[in-house]
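Asker: With the hints as a guide, bring both chains together as one complex.
The primary structure of each chain is shown beneath.
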Amino acid sequence: MKKAIILFLLLSFGLSQSKVSIQDKEIEINENEAVMEVLGMVCSMCAFGIGEGFSKTDFIDKSKFSDGVSVDIDAQYVQLGLLESANINPEKIVQVIQDAGYDVSLLFILQNDKLTKFGTDKLGILQPIAFNLTSDRSN
Amino acid sequence: MFRIFFTLIIIFSSVSAHPVIFKNGKVFWITQNPSFNDIRFGISKTSNWLIGGRILQDRKTDETFALMNNNYLVKRWNNKNSQANIYLLSSVGLNTENSESMATVGIHGDWENRQFMVMEMLEYYSYNNAWVSNTRVAYSPFKVDYSKTSAWFIAHYRVEYHNDSYSYMFFPVIRLFKKNYLFELGSNGKNSFLSFMTHF
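As you go down the protein sequences, you meet chains Z and D in turn. Sequential numbering of the first sequence, starting at 0, is according to numbering that gives the first Met the number 0. Sequential numbering of the second sequence, starting at 0, is according to numbering that gives the first Met the number 0.
Isolated chain D (complex conformation) (with noise of 0.2 Å):
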């Protein structure tokens, strides 16, 4: 049932949109990459600190990993017409079927105005001692209003480092928003990503 849920619903990457939201916001976010199924809900305590559990599945093990999810908002810089963010990540917990405890880190750095965007997070995982980068480039054609879908067209480079080998992956991906949902799609005909999320 939690693989047809999965299958059904997500196909992305955890890297959409800010880690941490506006104080007592919640958060839904799926997502699906080529490594990773990741589902997470959290509540921002307050502006800088959101709390939640997630639960991530290996695609290629089929490991599953219960989590709770720590993000932190280090510093933002906020501008007219744009803002810059770094953030700390983490994630503590188990696997699901040996109970061996696993963690994550990692460090998320953005820039974005109503036009461009640029992100890099860095990720390790414990349980299989890789280290995953994510970088985005992302441009908006067109500025539209708060209550109109926005559109953007994201470059994606995946770099993943894992047994003493590296491997890359490219996606241009499509990013659709509009208010509180965000609902991300990308290809590169090999690979999907998928990704959606709520705030609320």
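Chain Z with its partners taken away, still in its complex shape (with noise of 0.2 Å):
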């Protein structure tokens, strides 16, 4: 019984804390926050309509990062806080994204010690994908 928690503890500790792969660059990313690969981001004004853009989303938690969001130029991502209580929807994120005028290839959301990833396909269709939670915790 007591392996058994600890075993739970360690898996639950891991889930709420994890590491992501972005254009080889290690990203940390901790429970209710995303971090996307963001295709075209060249400049900081770029980056300003994305911020723009999330700022008028209701499921930006704010007090993360820069009123809820991180820009990195140069490694071509963006990460957000997420407000625990909202229900993400992964197509939103990527629309805020598209109306600055880029693309996502990559999405990973952890929510609820829960780690997923999505991938654009080639008609630039968002799709979950397969994502072992244990042993690709550092995909």
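Hints in this document: simulated from the structure, not taken from any laboratory. Glycine is no exception: its CB is placed at the ideal position from the N, C-alpha and C atoms. Some clues are possibly wrong.
What the hints assert, rightly or not - Below, in silico cross-link-like pairs of lysine-lysine (DSS-like), each with a Cα-Cα straight-line distance of 30 Å or less: (1) Lys79(D) / Lys61(Z); (2) Lys55(Z) / Lys44(D); (3) Lys25(D) / Lys61(Z); (4) Lys63(Z) / Lys113(Z); (5) Lys44(D) / Lys61(Z); (6) Lys178(D) / Lys24(Z); (7) Lys142(D) / Lys63(Z); (8) Lys55(Z) / Lys74(D); (9) Lys178(D) / Lys18(Z); (10) Lys178(D) / Lys91(Z); (11) Lys91(Z) / Lys44(D); (12) Lys74(D) / Lys91(Z); (13) Lys55(Z) / Lys79(D); (14) Lys189(D) / Lys59(D); (15) Lys25(D) / Lys44(D); (16) Lys116(Z) / Lys79(D); (17) Lys63(Z) / Lys18(Z); (18) Lys147(D) / Lys55(Z); (19) Lys147(D) / Lys18(Z).
Claimed, not checked - A few chain D residues facing chain Z, derived, Cβ under 7 Å: (20) Phe21; (21) Lys22; (22) Gly24; (23) Ser46; (24) Asn77; (25) Asn78; (26) Lys79; (27) Gln82; (28) Asp109; (29) Asn112; (30) Arg113; (31) Gln114; (32) Lys178; (33) Asn179.
Answerer: Right, here's the structure in full:
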């Protein structure tokens, strides 16, 4: 019983914080966060539009990062703080990026101790990618 | 008053950043180049269509035009660490003194990554039957983060075709931008070039 509790605690801890890889850079992702690779984001004026877009949504936790959004132009990724209570629709996240004029090629969401990975297919449609929570934690 | 406003604030070209911005984003843009003073305000209704107003003043003839401006992103290629675009540009309106109609049409293509940029813009102006080509090659020696000021060095080549004759101008231009503010200054000794743009 004691071992089972320890195992449960270890797994819980592991799943509330994980690492994902975008363009060979390892990024730490915590519970209620999303990380995505954004294609075409080459300047700070581009990134400004992304921040503006997410500021008008109802699922961003503005207490994290800079008003809920962190942009890394070098590694071409955007990290979001998500409200715990929000029902996150990955398509809504991608729509904000597309409205800013860019494309998402990979999206990771860690919520409810579950890390989910999405990719866009050749038609640009978002698809979930099979992702083993325990063995792929450092994807 | 209008002229003082231009003289004090402007000096540049309309060739500085993307003609369409993020959905529902607004852009305010002042430019002055050897041919025109140009003030624009626009709203991107979608991520590929911007509509707005424009006041254009011909610095040689002193004619002023009030125009409605329409920019359309035909195609964007978003790639890892780079982006390329093709835009169609148009303006229609009136000469503010004699109410004669005026229109401009143009095409704009660009490619950029974090350190290099090339751009070509070709425009036609109906009131004087002129064609203007702006070509740019730019280099930024420093890759900087979102919150820092980015500096670009630009070679800007301008060709005007009007009354069966060509005029050519070359400007070295420096571009500085930080977050949603962009400023450009250029001069070749005879002519100068200034631009300020903000998104909000």
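Asker: Take the hints in turn and mark each one as holding or not.
Answerer: Structure-based check of all given hints:
1. Lys79(D) / Lys61(Z): 28 Å, holds
2. Lys55(Z) / Lys44(D): Given that 30 Å is the threshold and the Cα spacing comes to 15 Å, the pair holds.
3. Lys25(D) / Lys61(Z): 23 Å, holds
4. Lys63(Z) / Lys113(Z): Status holds; Cα separation ~19 Å.
5. Lys44(D) / Lys61(Z): 26 Å, holds
6. Lys178(D) / Lys24(Z): Status holds; Cα separation ~24 Å.
7. Lys142(D) / Lys63(Z): 25 Å, holds
8. Lys55(Z) / Lys74(D): 26 Å, holds
9. Lys178(D) / Lys18(Z): 28 Å, holds
10. Lys178(D) / Lys91(Z): 24 Å, holds
11. Lys91(Z) / Lys44(D): 18 Å, holds
12. Lys74(D) / Lys91(Z): Between Lys74(D) and Lys91(Z) the Cα gap is close to 22 Å, so the pair holds against 30 Å.
13. Lys55(Z) / Lys79(D): 27 Å, holds
14. Lys189(D) / Lys59(D): 15 Å, holds
15. Lys25(D) / Lys44(D): Within the cut-off at roughly 9 Å; holds.
16. Lys116(Z) / Lys79(D): 19 Å, holds
17. Lys63(Z) / Lys18(Z): Holds: Lys63(Z) and Lys18(Z) sit about 17 Å apart, inside 30 Å.
18. Lys147(D) / Lys55(Z): 24 Å, holds
19. Lys147(D) / Lys18(Z): OK: Lys147(D) and Lys18(Z) at ~27 Å, within 30 Å.
20. Phe21: With Cβ-Cβ at 3 Å, under 7 Å, it holds.
21. Lys22: 4 Å, holds
22. Gly24: Gly24(D) check passes; min Cβ-Cβ to chain Z is 6 Å, inside 7 Å.
23. Ser46: 5 Å, holds
24. Asn77: Given a least distance of 3 Å, the restraint on Asn77(D) holds.
25. Asn78: Holds, about 6 Å.
26. Lys79: Holds - the Cβ of Lys79(D) comes within 7 Å of chain Z, reaching about 6 Å at its closest.
27. Gln82: 4 Å, holds
28. Asp109: 11 Å, violated
29. Asn112: 6 Å, holds
30. Arg113: Interface hint status for Arg113(D): holds (6 Å vs cutoff 7 Å).
31. Gln114: 9 Å, violated
32. Lys178: 5 Å, holds
33. Asn179: 4 Å, holds
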